[in-house]
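Peer 1: Mind docking chain B on chain A? Use the hints.
Chains as they are written, first to last, in the numbering used here: chain A, 1 to 362; chain B, 1 to 362.
Any given hint might turn out to be false.
Repeated chains share a single entry, so a pair holds when one copy, or any two copies, can fit it.
As the list claims (entries may be wrong) - 30 Å max Cα-Cα, derived DSSO-like pairs, lysine-lysine: (1) K314 to K58; (2) K361 to K146; (3) K279 to K140; (4) K279 to K303; (5) K79 to K314; (6) K79 to K23; (7) K79 to K58; (8) K58 to K104; (9) K104 to K303; (10) K58 to K283; (11) K23 to K135; (12) K280 to K259; (13) K140 to K357; (14) K146 to K10; (15) K284 to K173; (16) K270 to K140; (17) K58 to K270; (18) K228 to K283; (19) K10 to K173; (20) K10 to K104; (21) K145 to K283; (22) K21 to K173; (23) K259 to K79.
Calculated directly from the structure, the hints in this document are not laboratory data.
2 protein chains.
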Amino acid sequence: MRAWEENIRKVIPYVPGEQPKQKNVIKLNTNENPYPPAPGVRRALLRFSDFSYDNLRKYPDPTADALVESIAGYYHLEKDQVFVGVGSDDVLAMAFLTFFNSSKPILFPDITYSFYDVWADLFHIPYERQPLDEKFRIVKSDYEKKNGGIIFPNPNAPTGILMELDEIEEIVKQNQDVIVIVDEAYIDFGGISALPLIEKYDNLLIVQTFSKSRSLAGMRVGYAMGNKTLIQYLNDVKYSFNSYTMNQIVLAAASEAVKDEAYFQGTRKKIIETRERVKKELKKLGFSFEDSMANFLFVTHEKYWARDIFEALKRSHIYVRYFNHPRIDNHLRISIGTDEEMDRLIAFLREYLEERKEQGKA
Amino acid sequence: MRAWEENIRKVIPYVPGEQPKQKNVIKLNTNENPYPPAPGVRRALLRFSDFSYDNLRKYPDPTADALVESIAGYYHLEKDQVFVGVGSDDVLAMAFLTFFNSSKPILFPDITYSFYDVWADLFHIPYERQPLDEKFRIVKSDYEKKNGGIIFPNPNAPTGILMELDEIEEIVKQNQDVIVIVDEAYIDFGGISALPLIEKYDNLLIVQTFSKSRSLAGMRVGYAMGNKTLIQYLNDVKYSFNSYTMNQIVLAAASEAVKDEAYFQGTRKKIIETRERVKKELKKLGFSFEDSMANFLFVTHEKYWARDIFEALKRSHIYVRYFNHPRIDNHLRISIGTDEEMDRLIAFLREYLEERKEQGKA
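For reference, chain A alone in the conformation it holds in the complex (with noise of 0.2 Å):
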């Protein structure tokens, strides 16, 4: 070993999803937005190849005041509420090394998104996982010990499963010694944003991202809402990290996503609206899970193998998520494409569960 090694700050990396380099496969493993971004993304565009252009030779504006400008004004906020970042990995990993100083550990659910861990391993952050109970719920008084702090996202990922408001008012009321994040990267797909609980606690962050509901995983953009003392802790650790994170093009486009809410009401109700539909198909089909407000199921199947089906799928061209992890490794994760993506996935189950079936008998 070199001696330049012993200073190393070494990690065991997050492991993306898979992103299939060939054309036509069917993908459903990343739960992205099947439609694309808004119209006024493309307008947006088309600006900087042309009257824009010579801009962007410039540094962008720090503050990324046009993006916080739209977000705030959505959501009936003011500017110093909201935070944004280079999706809400970037938004979470600023929170995590703002306000998780503590020598307590964080608590988080022992089956929730997979980067929890790998933030508070690479920041050397105490953590303990609460183990969600056997139909995959948080509990709510696992969350009543001492603390350095608290991360749940809601709906849960990869589980779906929304929590009730008044469950999580209870879990901030509780913690008000520390900070207590909610993580509403799939909210808008049927559920309520526990948003206006932050004029009430002053320990809540809550963080959402444009990477589902707004189609724009591609151009990484996330955000979160607060009182104005967490968001300018925050701004002063991002700062002092990277004071031009946001693109010229990013602020731009992303704030026309914002403003077209026409188009994002139709596409968030396509995806519910099929969600719904293919519910119903895969539980004729044998499958059963708990039920999902977010743009993606978590299922397993009565007679059949989850790891064989993901392998039968990747087979023909169909991603879904396979997560080797105990309590969930005969689950499968299947995001919500279009309509006729998800009458192929079902068409393909439909046969290949048939073909078992018949292989079981002979």
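Peer 2: Same frame as chain A, but now just chain B:
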């Protein structure tokens, strides 16, 4: 104080250079390139407003392969010797987090890029500033003491002074137990890169940026080059922080910028020629400065206070940079703009100094 404030990482944030919002200013305060990005960047933007538009709903390639490949190809490196980030600030922040985990202080010059101490404070890294000599030169022997790592820009900022390659090699050689980072943000304006030394020293990391010589400050792209072990450690930390930092548009557009060698050489040459001409003009006006090999000059006047000149320039909508810091509070950093912009600067200075002289006589 609320109880949760105890767990907050409190920092004094970096203050970026002013980004004036009014039009028709001559902006020579943040070392941006006066020429637009290469034409291929425009074509990449047009692709995203056209047939690649739908792709924006999907996550970008987390390995940033297209851009890494372009950079590696340009410098005749392997892909696993290149790391990319959201501007060189992101790359440097990741490098501090990854490589500077010693209880011994890291070393950097007292007059240098003002972000180094901000990152050290943010990550609780001990540091010691090494004073430049009276001619603002880095003193090589100051970097021979025990340390936890070394970083300096070459050419240095805000002085523009270039260090000879054999001196850099001496520092790298004397410090093989730690990582040495050479921050080459301004190397393309006439300096000689230390890049070939990465083949000889496994403790050397070279950091460069698209913000200056590639005219893409508004798009946020920086990169590091080193041996594959260093790059692997950097990537592990980066993937543990945010797997998807480089958005789809950036990956495509920045790759195009690398490919257009003729455009790059053309704008580089123009800036160097303008700089050399401006050096002569400013000398005639009574300014003095050490020789700069960057896209800026760091000047002081024999008779008049830098701060007064700064204020006068600003009133007439010409922005340069003034640092109210010990040892350099009678200097101005002036970015090299187009010939026309520099002519207007010189005309203003000539008139201003003439007036001051008249006032002095009266």
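Peer 1: Is the C-alpha distance from K140 to K357 at most 30 Å within one copy, between copies, in both cases, or in neither?
Peer 2: Classified as neither: same-chain Cα gap 41 Å, cross-chain 76 Å, threshold 30 Å.
Peer 1: Between the shortest in-copy and the shortest cross-copy C-alpha distance, which are at most 30 Å for K79 and K58: within, between, both, or neither?
Peer 2: both (24 Å within a copy, 28 Å between copies)
Peer 1: How would you label the pair K284, K173 (within, between, both, or neither) given a Cα cut-off of 30 Å?
Peer 2: neither (42 Å within a copy, 69 Å between copies)
Peer 1: When Cα atoms must be at most 30 Å apart, do K228 and K283 count as within-copy, between-copy, both, or neither?
Peer 2: Close neither inside one copy (46 Å) nor across copies (49 Å); limit 30 Å.
Peer 1: Indicate which option fits the pair K79, K23 if close means a Cα-Cα distance not exceeding 30 Å: within, between, both or neither.
Peer 2: between (41 Å within a copy, 24 Å between copies)
Peer 1: Using 30 Å as the alpha-carbon threshold, which applies to K58 and K270: within, between, both, or neither?
Peer 2: Only across copies: K58 and K270 sit 18 Å apart there, 40 Å inside one copy, limit 30 Å.
Peer 1: How would you label the pair K10, K173 (within, between, both, or neither) given a Cα cut-off of 30 Å?
Peer 2: Intra 37 Å, inter 24 Å, cutoff 30 Å: inter-copy only.
Peer 1: When no copy is specified for K279 and K303, does a C-alpha distance of 30 Å or less occur within a copy, between copies, both, or neither?
Peer 2: This pair counts as within: shortest intra-copy Cα distance 18 Å, inter-copy 80 Å.
Peer 1: Under a CA distance limit of 30 Å, which applies to K58 and K283: within one copy, between copies, both, or neither?
Peer 2: For K58 and K283, only the inter-copy Cα distance (28 Å) is at most 30 Å; the intra-copy one is 55 Å.
Peer 1: Should K58 paired with K104 be assigned to within, between, both, or neither, using CA atoms and 30 Å as the limit?
Peer 2: neither (44 Å within a copy, 38 Å between copies)
Peer 1: Indicate which option fits the pair K146, K10 if close means a Cα-Cα distance not exceeding 30 Å: within, between, both or neither.
Peer 2: Both: 29 Å inside a copy, 23 Å across copies.
Peer 1: Indicate which option fits the pair K270, K140 if close means a Cα-Cα distance not exceeding 30 Å: within, between, both or neither.
Peer 2: Result: close neither inside a copy nor across copies, 32 Å intra and 65 Å inter.
Checked against the numbered hints given earlier, this structure breaks hints 2, 8, 9, 11, 12, 13, 15, 16, 18, 21 and 22; the rest are met.
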